[in-house]
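On the provided structure of chain P, position chains L, R, E, U and X as indicated by the hints.
Chains as they are written, first to last, in the numbering used here: chain P, 3 to 281; chain L, 3 to 281; chain R, 3 to 281; chain E, 84 to 329; chain U, 84 to 329; chain X, 84 to 329.
These are computed hints drawn from the structure, not numbers from a lab. Any given hint might turn out to be false.
Quick look at which bits of chain L chain U covers, simulated, 3 or more residues with Cβ under 8 Å [what the hints assert, rightly or not]:
id, segment
1, 144–150
2, 196–202
3, 228–238
Which bits of chain X does chain P cover? Going by a derived footprint, with three or more residues having C-beta under 8 Å, they are [unchecked claim]:
id, segment
4, 252–262
5, 281–292
Computed, partial: chain X to chain R, Cβ under 10 Å [to be verified]:
id, residue
6, Gly91
7, Val93
8, Val95
9, Arg162
In this text, a Cβ means the ideal position worked out from N, Cα and C, and glycines have one as well.
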Amino acid sequence: MSISPYKPPITPLIVKESYLNMLRKGVRPDNRDLKTPRLIEIKTGVVEKAEGSALVKLGDTQVMAGVKIDVGSPFKDTPDQGVLMVHAEFVPLASPLFEPGPPDENAIELARVVDRSLREVNAVDLQSLVIRRGEKVWTVWVDLYVLDHNGNLYDASMLAAMAALLDSRLPDYEELETGEIVVKKGVKGDPLKINTRVVTVTVAKIGDYLVVDPSLEEEAISDVRLVIAFDEKGRIVGMQKTGAGGLSFDEVDRAVEVAREASVVYFKALEESLGRAGG
Amino acid sequence: MSISPYKPPITPLIVKESYLNMLRKGVRPDNRDLKTPRLIEIKTGVVEKAEGSALVKLGDTQVMAGVKIDVGSPFKDTPDQGVLMVHAEFVPLASPLFEPGPPDENAIELARVVDRSLREVNAVDLQSLVIRRGEKVWTVWVDLYVLDHNGNLYDASMLAAMAALLDSRLPDYEELETGEIVVKKGVKGDPLKINTRVVTVTVAKIGDYLVVDPSLEEEAISDVRLVIAFDEKGRIVGMQKTGAGGLSFDEVDRAVEVAREASVVYFKALEESLGRAGG
Amino acid sequence: MSISPYKPPITPLIVKESYLNMLRKGVRPDNRDLKTPRLIEIKTGVVEKAEGSALVKLGDTQVMAGVKIDVGSPFKDTPDQGVLMVHAEFVPLASPLFEPGPPDENAIELARVVDRSLREVNAVDLQSLVIRRGEKVWTVWVDLYVLDHNGNLYDASMLAAMAALLDSRLPDYEELETGEIVVKKGVKGDPLKINTRVVTVTVAKIGDYLVVDPSLEEEAISDVRLVIAFDEKGRIVGMQKTGAGGLSFDEVDRAVEVAREASVVYFKALEESLGRAGG
Amino acid sequence: MVVKRPEGLVLVSPEGLRHDGRRPEDLRPVKMEVGVFKNADGSALVEYGKTRVVAAVYGPREPLQRFPLLPDKATLRVRYHMAPFSTEERKSPAPSRREVELSKVIREALEPIVLSEEYPRTVIDIFLEVLQADGGTRTAAVTAASLALADAGVPIRALVGGVAVGKVDGVLVVDIDETEDMYGEADMPVAAAPDIGLITLLQLNGVLSREEFNRALDMALTAITRIVELEKRTLRSGYVEAGGEE
Amino acid sequence: MVVKRPEGLVLVSPEGLRHDGRRPEDLRPVKMEVGVFKNADGSALVEYGKTRVVAAVYGPREPLQRFPLLPDKATLRVRYHMAPFSTEERKSPAPSRREVELSKVIREALEPIVLSEEYPRTVIDIFLEVLQADGGTRTAAVTAASLALADAGVPIRALVGGVAVGKVDGVLVVDIDETEDMYGEADMPVAAAPDIGLITLLQLNGVLSREEFNRALDMALTAITRIVELEKRTLRSGYVEAGGEE
Amino acid sequence: MVVKRPEGLVLVSPEGLRHDGRRPEDLRPVKMEVGVFKNADGSALVEYGKTRVVAAVYGPREPLQRFPLLPDKATLRVRYHMAPFSTEERKSPAPSRREVELSKVIREALEPIVLSEEYPRTVIDIFLEVLQADGGTRTAAVTAASLALADAGVPIRALVGGVAVGKVDGVLVVDIDETEDMYGEADMPVAAAPDIGLITLLQLNGVLSREEFNRALDMALTAITRIVELEKRTLRSGYVEAGGEE
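Same shape as in the complex, but just chain P (with noise of 0.2 Å):
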């Protein structure tokens, strides 16, 4: 059951109106334009443990992403594929207003949009994930820790899955006589497949206006955002509504143009971060 959420961080409606007298003369709060998201830092290789790991910031946005690969059993209607798993969970060191237990709608919401948008576009290519076809095949998990939100949980949690996927190697096995798979453990392989980048972008619209990369304060005051995945030939790759408001058609139309153009500075970060790992 989703229940009309209690406790939005309210906003007086004063600090509403304020906000958009600012945004009438093309500048935020932390002296952005509309259209740039916050400062970007992403960090691969933070988990040694795992196959593959990133923290990034974006703006005081604060997520980890951790893959790891083991061996697994292919789904009975694609038995010439791996199994990719995105899981995100909003633990309470968070935020003042998370609450531990099992993911919540949002979280899964968010997990959900990823997921998808790796997925539609074949990101991750899972036909070369195979082991042995129909029995045994690799498992991407990919998960989403949100360590400290300050707004946009999108599309620093994209960020982070695409960058921990792009950071990842196949752990290297033996197969032994009786057919079983023995993981090396600690001993890395191959790097993963990635067909293509994806990014997500997300619009948030405040009055009349849009804006990209909201922060927190600005989620706050609006009812509604769009999230948009893009690969990097600047195609469509998924889309979600959410929030509790509604766009036109118009609205619509100027949320995609924006978004691909922010699109492309997120694109970059992640360039930038693969870079580094390699310097």
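Just chains L, R, E, U and X now, kept in the frame of chain P:
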């Protein structure tokens, strides 16, 4: 832990008194006499994707039953029998008093009473459900879905279960050389083998009166009901006292008597629904 | 999440004061000195259907332990060992403060301390539980059932676990040609192989005093307890500080000393219970 | 469900004796004891043969965790629960669907006899633990609850007792054990308060003709009358053992 | 994810017809009915082809169990749930992650149209049950919720309706069914209130170019306009069936 | 439990050095940092070698969901939790029995040092996340909690620190890592507040003689004294790295 219910739909004492006055004259608010069930409407084949289904209206009470049949493993101590599972959901749609969540004690009790009434007479011929002895059998899931609760869920649910089972066809399948059983989606095979039909008749005690097929209002002023299952030969094949009251030996005896009479009405309604389905 | 307990059975300060006055004279309300456990009663074979069982009374505290032994699979990293599982239930029968539900942190902590104390010395000879290496082993379930909580569940539970294990016999079984293991119901085979006996001794700190085997009232005015496990040779084979307080190095040292003395009393009670069972 | 009977198992001998030597109308050896726990306000142990159940009653009291109480009477809370080691195969301690149903059925067997009107806005907790299960656990549990309620001083209309009647190889038999339940044709658990002529629990799993049903119910009520007599003796002396023969 | 298409399955024929004979812009046969349940304050049945969803609305009311209510408006509670027998393989009745997400997405599709400011400190419950799933269940659920809200007399800004547009073998098609969803390239569920020009649900699973996306959204809004017209007719006459052709 | 040691693994060399080159009394390289998160009232990162734990403190505050608060002091709520990617095999995010126990043990290690009497009817939340586990996670967590409490300005009696002493191939060694824990004979986690001479966490898994136990406890207290010194430096400068050698 079972807890005295907090909010039984409370009927003021005066309502009960005036109701008892009616009973004294042998009639009920909906013009029935004490021994007659409400109008029965049975429609089968209402869920094309299920192996069998039925929608039962008993007065304003609506219960849907769906039968799904999958390949499964037999229980260890009955390698030569298929598996029958009965499950009931009181979805919140059906009553202002139902809440989302796993089945509560009322839903569990209902499912178990229906299950035992079917099981004790081997109504579904479990021996006919063996695909490969000790290894592969058909598992028959009967899911009872209460859509509108206006009293006497027992009789309506049992009718729905029975009608859905009578409507059911085993899936067609192929056995691969590897021994795997592949179900052919959408292709229906033989009818499910039913050994005997079963109905339950619920008798509620109100004051000193026994009434058959109680409505929601009648359940509210009754504190004990006796649910009695019969097979087509009129044998008693199950019984459950439910509710916080008690019965004398004599009351039990009279309840069995009126229930047996009413069971004929239910069997007739079942028979007629089959005629229609076949026509 | 662990939460400071809301309703410890609160003892007014004045009770604590008068209690400390007694301790100063070296006696306790039940006439024990500080180092002596309460009366111990151990009865084995109390559940004929279990592979082993015991009921322990330690003063008014009653704990039952039942041992069930089933055929199972070994853990992957220990193919040549059986499996030992310890589980504790604080059923609501046992205390006005226990509530129905899955084991809380206290029950889990108790089970895990008992488990580790047994495991670390291989008290149950796990190597002797292999039926077919890497495939079939005996799984030994020790279920601790607290029936009446009047203080010091640790020592009573450990005694019950140990006595029940000493009372246990492996089931007799047959190996079919198919390799399947069929347990012969009701037929008991060899005694479970026990390498060494273990007891725990709980020492509570009240004011500056250390008392052995605290009663419920003593636990209420103590904020820290040290549970120390010993094997028959007097070696320390486990330890757990429990409760919200702290201890000095010197207090730990004294606690170990008095505990070791009391362990002899527990071992003697265990030995006597065996004599009786054999008689 | 038809479970294949082990070879050589005879449930009713040509002489009319049951697999454990009892006659059809015999109870198993019965043991009852009250005051078996210190913490509980009332407690009892009941054995029907190898079936062993303990009961504890707390209350009338305020519940530990606030929840909506009834304004006109005490709220009964009943938990029927089986110890993991009570059954042939280890039972998971999480409540099964069967335990959920039986907790309700037992609560509803006790509601008619507890004078709950005397304690509005309170809770009476009745906790039942099956320590060993060999058939008839729910009826032994009702008997144990009856004793524990009386032991706790909770005002009741009458004592209640329970027994299961079965049909085994065509013969109606009293107080069936697990073997008779498993391989028999019908199992009918009954609880009643004979002093006020009230049947408070009645279930039937299996097939009976109208005549068999009436006869079975009659046998149950006779046995329950004897059980309630034993309850009374137990409440006087604290402890009773009986061979079970009538 | 790529699921291998069964041999012989043609999703779009050379003539531009879909596997069930529809043209790209055709809806499946639509059926709508209100007042289908007695207990609920408002209720509706909606069918898009074999997809069948029922909705019930309770409220504005006090919730059964106390929980913190909003001081300035009604709290919406929405549950999207699938019957175990609604899918190819039996679905466990416990809510799946998918159901949790869709309950939220549907709630957020309804929040903009319900005048919840009029009922502070109350709850409006909207329960959606998928009785048969053949693609487009969430959008049919939005349509059913819209009807049930109106049937319950809950004040709303405008009726809302939903439909999924897909891309199948390179062709954009309206109201995709399960087969088209499974073997197609994109699935875009949309809900909107055409009378106030508001898109209230928008998801995309799959790959679309910028131009395709705009075209798909356009097709969705056209279809939704028709669906909302059918809703209006249903609210007048209680029941409507339509071929779905435009 | 005896897990077979991989061939060639030498835990203590003839020269008395450990498998990673440390001497028995050496800590692993230690890293501490405070103020690592913006939202939390206090936060810290602690690394013991590859073991990496973050802590956040919220409070004293009112809890989000009402629950019975203590009238005479603050309620401590402590959650020790492992990230799914922190371990060799992916850990399910649902709290394990181990995590339940450790949350309690860590809470009870902090209760004696927090001046909770100063904030009755409030909650102090301490959330601990293990980001990488290589032995000693609970003791690193106590250290991180101590730093985060101080960083949050929660009044405390004294700083507390933790370390695990182990017995490996017969030798007592400080700050054991996962390998030493797995193939060693004993693991004894200890937490203490050296400034007030109080041991607040003490567990032992394994076998020790009386003399070994006292020596091990002594080694732990010496190491903890050094750890608490590093905590103090960290609180002054925000960040500290240390080789771990004494």
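Evaluation of the provided hints:
{"no.": "1", "hint": "144–150", "in the structure": "holds (count 4)"}
{"no.": "2", "hint": "196–202", "in the structure": "violated (count 0)"}
{"no.": "3", "hint": "228–238", "in the structure": "violated (count 0)"}
{"no.": "4", "hint": "252–262", "in the structure": "violated (count 0)"}
{"no.": "5", "hint": "281–292", "in the structure": "violated (count 0)"}
{"no.": "6", "hint": "Gly91", "in the structure": "violated, 18 Å"}
{"no.": "7", "hint": "Val93", "in the structure": "violated, 20 Å"}
{"no.": "8", "hint": "Val95", "in the structure": "violated, 20 Å"}
{"no.": "9", "hint": "Arg162", "in the structure": "holds, 4 Å"}
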